[in-house]
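Just need the whole structure built from these sequences, with the hints factored in.
Its first residue numbered 1, the sequence shown is counted upward by one per residue in UniProt numbering.
It should be emphasised that the hints constitute simulated quantities derived from the structure, not laboratory data. Any given hint could turn out to be false.
Unchecked claim - Straight-line alpha carbon distances no greater than 20 Å define the calculated PhoX-like cross-link-like pairs of lysine-lysine that follow: (1) K228 / K107; (2) K228 / K216; (3) K498 / K522.
As the list claims (entries may be wrong) - Cβ pair distances, simulated, as ranges: (4) N525 / R23: 48 to 54 Å; (5) R611 / L737: 27 to 33 Å; (6) T48 / D129: 42 to 48 Å; (7) D313 / G53: 46 to 52 Å; (8) K107 / D129: 28 to 34 Å.
These figures come from a predicted structure and were not determined experimentally. Note that beta-carbon positions come from the ideal geometry of N, C-alpha and C, so glycine has one too.
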Amino acid sequence: MSQGQLQPGSRLNVAPGSTVVVRDEEWLVTAVEQADDGDQLLTVQGLTPLVRGTTATFYGSLEFDPSRPAGPGNGIRSLDPRDAVPVADDSPHYRRSRLWLEATLRKTPVPIGEPALAVSHRGLADALDYQFRAVARALDPANLQPRILLADAVGLGKTIEIGMILSELIRRGRGERILIVCPRHVLEQTQNEMWSRFDIPFVRLDSVGVQRVRQKLPANRNPFTFFKRVIISMDTLKQDRFVHDLRRHHWNAVVIDESHNVTNASTQNNALARNLAATTDALILASATPHNGRRESFAELVRLLEPTAVGPDGGIDERALRRLVIRRHRNSPEVAGVVGSDWAERLPPRNELVPASPAEDAVADELDGVWLHPAGGSSPYSGSTRLFPWTLAKAFLSSPAALDASITERRRRLDAAARAGATGTMSPAQRAEADALDRLAGLNEAAKDSSAKYDRLVDYLRRIGVGRRSDMRAVVFAEWVATLTWLQRRLTADFGFKPGQVGLLHGGLPDVDQQEIVESFKQTNSPIRVLVTGDVASEGVNLHQQCHELIHFDIPWSLIRIEQRNGRIDRYGQRARPQITTLLLAPGAEGFRGDITVLSRLLEREEEAHRALGDVAGLMGEYSEAREEAELTRVLARQKSFDEAVRTVDEVASGDGLAALMAAISGNTAPADGRDGPAVELAEAGPLYAEPVTFLREALEEYYTTPAAPPSTRGGGVGWREHPGEGIVEFVPPADLRQRLEALAPGLSERPRRAHELQARHR
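As structure tokens, this is what we get:
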């Protein structure tokens with residue numbers, strides 16, 4: 001090509017789209033500015049391998065050295081395409097030309113107004129029409145700034161929908177900088193879903209990680225500019241030290257998972273959400289329980305998406321709500337019609353009443369006559385919270401270990417209060433309570449080795465085939481850490497399990513340990529046969545891949561928590577019919593009989609709401625686990641009737657509150673005018689390669705000649721292996737690719753897995 005030379009005081013005939021050579025590398029000009037002294041300031045993007053993808057700015061007077069002769073390596077030279085000499089493509093079937101054209105097409109953004117989904121249907125996930133509709137709703141060309149609340153019920157795949165939306169935004173050139181905010185215990189799971197299903201590498205950061213980034217940068221550099229795509233926990237990001245940097249940084253897209261945690265306008269969570277909503281183009285909120293029953297809180301969530309959808313009086317525009325919120329459940333017509341055998345209908349629940357042992361009945365009699373329903377009307381409790389006796393009752397219904405832990409903790413507090421008092425001794429009321437606790441502890445000690453509910457659990461696990469050498473797995477939920485550790489110890493001994501075959505998961509474990517246990521349980525080669533877990537696993541954790549048996553060893557006094565627990569195995573991708581079993585201890589004490597009846601009716605209402613509404617939150621109208629538990633405690637304390645606290649399905653559907661509003665939009669994917677929307681259009685494969693796997697194979701053949709050759713052979717390859725009919729290939733990445741992958745998603749390959757293998761499908 002003929003070349004022009006840019007020297008100080010001269011001008012080149014270049015414009016955006018021209019190609020220049022600077023410092024022996026080729027660059028594409030993206031902007032040209034004229035300086036006052038006649039020089040040109042060029043903004044460019046690298047084209048040659050060493051600088052590809054790099055953005056730079058060059059100024060003629062700085063690039064030209066007058067002490068050196070003009071020519072290559074000195075100054076800025078333009079390349080004239082008119083003088084280009086065509087070179088014939090001698091590769092088989094013009095392979096190099098086709099590869100170049102395909103790569104160029106893939107790098108060219110799809111127009112913003114393109115109605116067809118370009119890439120989301122090519123991810124490593126089943127093609128489900130109801131998920132495509134959610135993506136199409138979010139990408140409606142009428143929305144210049146995509147905003148949506150994904151409020152699908154537990155198990156429908158909100159994380160998949162998030163990945164599909166993000167992949168479409170990236171393909172449209174609107175997803176360069178993305179932030180995902182989610183709970184700590186699902187950071188790795190979400191990162192892995194984005195990476196393995198949609199080829200979107202996110203860097204997982206905690207507060208220490210952000211500080212390390214800050215140390216690498218100049219003091220005036222925003223740490224959130226260091227990585228383009230970040231996943232971080234709400235607890236980390238809401239800290240005051242990050243507020244200033246977040247306000248000065250703009251995102252193309254922000255995702256807030258479990259967004260029901262940001263509805264309280266007086267919290268740091270809400271302040272963070274408002275900050276992010278104002279500094280992003282696209283905002284995706286996700287929550288299976290999108291409001292807490294208070295209209296003002298739900299209005300705050302809607303206001304994040306679209307401030308004009310909430311009136312000055314706090315009223316919510318229902319038409320806007322139908323556009324901004326998408327909500328379906330397992331039995332919604334558009335869901336039930338497509339999930340088929342990939343979401344097996346759950347079996348009728350097994351609610352087993354377990355008669356208490358004589359030792360447990362003795363404890364129940366003491367609790368009933370002294371603490372819960374004393375003849376004199378007053379329990380021995382000397383504190384200010386009169387509901388403490390129900391804490392003891394709840395612990396008793398969980399396990400002897402939980403009751404022992406509760407008694408021990410209360411005794412410790414009494415002793416500490418006595419030491420801190422003026423006399424250094426207990427008051428008469430405190431002494432009376434301590435004596436009552438000691439009597440209860442003595443009775444409970446005799447019940448530790450005669451737990452009828454534990455015996456029923458062992459019997460049930462044996463009946464379904466759980467054993468040391470069996471492949472059968474079960475998840476056992478309990479609320480108390482003391483119960484969990486007690487179960488792990490006893491199950492390991494009674495079944496002869498090896499260390500590691502009974503997994504233990506609770507919120508007191510470090511994040512890394514939690515993530516490793518969850519990831520292990522998903523694998524076919526996991527040693528875990530029984531996972532005993534607290535409610536830390538009831539939100540956002542997928543346990544259905546290798547398990548369809550879930551057992552409530554104790555029952556939470558909250559419908560929302562019950563539903564969240566069940567959703568760990570009752571979700572899309574579950575091919576075996578999930579079985580939910582609840583073990584309810586049934587003492588002979590008169591007062592406890594009514595309590596067990598209340599808990600049994602609670603389970604029945606949960607099942608009715610699951611089948612009719614796909615959501616249980618509206619039954620009690622509290623939309624908060626803590627408030628639901630407080631309401632149920634009042635029922636158990638005979639302060640309120642069960643039917644007053646827990647409504648029927650018909651009452652929820654016919655009501656006029658938020659529950660009825662959410663029920664009205666549930667399953668509604670039609671446009672706001674009520675007409676049936678057209679089927680979602682999916683982009684077809686390009687004209688050059690019918691299957692993306694073919695594009696990948698030919699690219700490797702161009703480079704390696706024999707990609708199937710093992711890397712260790714002379715000339716080398718990548719061990720290419722195809723799985724016909726599955727759209728999946730395997731290969732061993734070379735060292736430079738491994739280094740790039742680790743840089744793209746640091747930490748993802750640190751957990752135990754086959755990090756040396758890659759799987760690619762469709763993309």
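Verification of the supplied hints:
Pair hint K228 plus K107 holds up; C-alpha atoms about 17 Å apart against a cutoff of 20 Å. Our distance criterion of 20 Å between C-alpha atoms is met by K228 and K216, whose separation comes to about 16 Å. Between K498 and K522 the alpha-carbon distance is near 19 Å, which keeps this suggested pair within the 20 Å criterion. Separated by about 52 Å at the C-beta atoms, N525 and R23 satisfy the suggested range of 48 to 54 Å.
For the hinted restraint 27 to 33 Å between R611 and L737, the CB-CB distance of approximately 49 Å leaves it violated. At about 44 Å, the beta-carbon gap between T48 and D129 stays in the expected band of 42 to 48 Å. For the pair D313 and G53, the beta carbons lie near 51 Å from each other, so the given range of 46 to 52 Å is met. Taking the beta carbon of each, K107 and D129 are about 29 Å apart, inside 28 to 34 Å as hinted.
Checked against the numbered hints above, the structure violates only hint 5.
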